[in-house]
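> Line by line, the protein sequences give chains Y and C. According to my numbering, the residues represented by the first sequence are 36 to 418, in order. According to my numbering, the residues represented by the second sequence are 36 to 418, in order.
Simulated from the structure, these hints should not be mistaken for lab results. Among the hints, erroneous ones may be present.
No copy labels: a pair is met if it fits in one copy or bridges any two.
[Unchecked claim] The list that follows gives simulated cross-link-like pairs (lysine-lysine, DSSO-like), each with its CA atoms no further than 27 Å apart:
no., residue 1, residue 2
1, Lys-362, Lys-408
2, Lys-342, Lys-408
3, Lys-362, Lys-203
4, Lys-362, Lys-205
5, Lys-342, Lys-389
For clarity, every value in this text was computed on a predicted model and none was experimentally measured.
2 protein chains.
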Amino acid sequence: MRVLILGGDGYLGWPTAMAFAAKSHEVCLVDNYLRRRIAMETESEALIPTPNLNERARIFESATGIRLHVEIADCADYALLSRIVRDFDPEAIIHYAEQPSAPYSMIGFQEANLTLRNNLGVTFNIIWAVLEHAPQCHIIKLGTMGEYGTPNIDIEEGWIEIEHHGRKDKFLYPRQAGSLYHTTKVLDTDLLWFYVRTYRLRVTDLMQGPVYGLSTAQADLDERLLPNFHYDDIFGTVVNRFLVQTVAGIPLTVYGRGGQTRGYLNLNDTLQCVELAATHPSEPGQLRIFNQFTEQFTVNDLADTVKRAAHGLGIEVAVESIPNPRKELEEHYYNPRHSGLIELGLQPHYLTEKVLTDMLQRVLPYRDRIDRKRIMPRVRWAG
Amino acid sequence: MRVLILGGDGYLGWPTAMAFAAKSHEVCLVDNYLRRRIAMETESEALIPTPNLNERARIFESATGIRLHVEIADCADYALLSRIVRDFDPEAIIHYAEQPSAPYSMIGFQEANLTLRNNLGVTFNIIWAVLEHAPQCHIIKLGTMGEYGTPNIDIEEGWIEIEHHGRKDKFLYPRQAGSLYHTTKVLDTDLLWFYVRTYRLRVTDLMQGPVYGLSTAQADLDERLLPNFHYDDIFGTVVNRFLVQTVAGIPLTVYGRGGQTRGYLNLNDTLQCVELAATHPSEPGQLRIFNQFTEQFTVNDLADTVKRAAHGLGIEVAVESIPNPRKELEEHYYNPRHSGLIELGLQPHYLTEKVLTDMLQRVLPYRDRIDRKRIMPRVRWAG
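Just chain Y, same shape as in the assembly:
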């Protein structure tokens, strides 16, 4: 299959590209280094140095003999993206090409503006490049579980039947997100759904929870092939923050009460999910939505598990609540379905102490590179 991966330099884009290539798919990656630029501007560079995308592709080729096609280009530029889609003629596009940081999107006007324009603009350009040059191509879009927020009712997989005054209809599940970044994903879904039903595009929207992990079959071939590991407040997830705090001997910082519940998944499960979506494409005119995570827990649960894993390595770490920089419920109902990908064949890997121990051992050699100033929240939702 010809697979076009947009945002191919990212935490997910790069391992996805390697995984597809290793399964003999023809892979083209596109990236404009937006994340690296933002990381530099906000002093949020990744902990483990990663070569540039062309260099990583060369290292991958040396290790495997497999060639990746790399395009350094901005998907927000329609002429460029359209040319790439025309020439590569993909059967699947995997769309990771978005500004992915919630805190960054909340800094101020410029950052919010960039996030809105880039994310919605790229999605729009993909829609049109596909309409124009590859109308049968299956668009696999990374959404986020964050689109749903934390409603007081069960979260379905994208769609809900509503009964109201004795009549029924089916709708996109109502979404209200906790940051501008997450809101741009809500808008993406609405935009895709309009073009899907009007022009019979084939789209899968993967509502993904926070992903953790560094090891993949291909990344393990060479340290320089590891995905980006961010621990800062801009790009880092709570899992990475806790790992780095453990290694650096800093208490694990829980935002507020720590009852925030989310659905998480292992990087290797993301790779499985995206492959399952690609090999089982949606139908023309179908917007198929999956909730992409394998287990749910609270931030407090996570802190406890990290603490236990650290103890196993002889590291004692404290847990400390700090004022929540975000606006979010700190205790809430949370019951999202996530059976669609399991039905397609997903074999989940869970976040065990063992997995955390392996990650801690990955991070330990980089202990001296940890910059403590970038761990604590530098962005507050209140402005």
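For this one, chain Y is given, so just place chain C on it according to the hints.
What follows is chain C alone, placed relative to chain Y:
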């Protein structure tokens, strides 16, 4: 009250400005003539010539002694809009500054791109200009009933309580619109709601149905103060098309089966609604949504009423079904609530034969200016 009207050269913006000014509010109008430019480019100029905005303001001042402040500026330019908000310090902003044509938004990539970027970009800029310079200012945003589409359940005023598996929560009413233009208004609402709940903005979103009418207390002072009258397939509504077809001796063209039901209102009721919203502002942190129309009927009903009004003037007109250029249901359930504005004091004016007769008489003198080529659909949703 200091009222800033964005899109002040439009069909609604101009009469709104005059109406507020006539009630002793201080009014500033902003427009970049986008609609006039698109009208020229698509050969869709209004039937009745209208002077430019500065000229109209001078004519209004001669007739009433009231000065309007006019800024010819693009609200999509944040520096300009932000400066205007800072200097004028509005208590209410009435946001009409959007590309308002559904067919235009469906022509192709360029037109869709302009619609998405302009509409969402202007809404975003307004949000930020208010946050930065006038956080207490009440934003009155023109949405559209078209955001809801034609669901098989009753349409509430913006919000719905959903009961699901025995639990309840309140959400924005699910929306799926019939054109990209209408979809940009769905996105606007989502974007506003994010910033309302995060930064406690005050917003009223008016989900308006198609508006008809030319006469207002101020427009009647001088023919040159009339609002724009578009009868073309790009900017014209079905009401205007039927009026012009009657006057030109062309059969009234019903798209498909003609069972399409919409909620309509008189231009004078729009003026009432916007004034009621402005004088009863929403609270900080509240996104208040009203469904803004006064009565609903099908396209077939409308054709019949126009036919009868024409007959009263001695004009016999036929009704003809043509293939529907849009993708929409031609027979459907439609039951939207619209009590909020009535409760605030709206006194509806209905679309009687008398009203249509008056409009026909307004249009008759311009019969020779009618260009038949621009009446029939030039844009098809199928592409």
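> Taking the hints in turn, state whether each one holds.
Here is how each hint holds up against the structure:
1. Proximity of Lys-362 to Lys-408 under the C-alpha cut-off of 27 Å is restricted to the intra-copy arrangement: shortest distance 22 Å within a copy versus 55 Å between copies.
2. Proximity of Lys-342 to Lys-408 under the C-alpha cut-off of 27 Å is restricted to the intra-copy arrangement: shortest distance 22 Å within a copy versus 74 Å between copies.
3. In this assembly of identical chains, Lys-362 and Lys-203 lie within 27 Å of each other by CA distance solely across copies; the values are 22 Å between and 34 Å within a copy.
4. Taking the closest pair of Cα atoms, Lys-362 and Lys-205 come within 27 Å of each other only across two copies (18 Å); inside a single copy the shortest separation is 30 Å, beyond that limit.
5. In this assembly of identical chains, Lys-342 and Lys-389 lie within 27 Å of each other by CA distance solely inside one copy; the values are 12 Å within and 78 Å between copies.
This entry satisfies every hint, going by the numbered hints stated previously.
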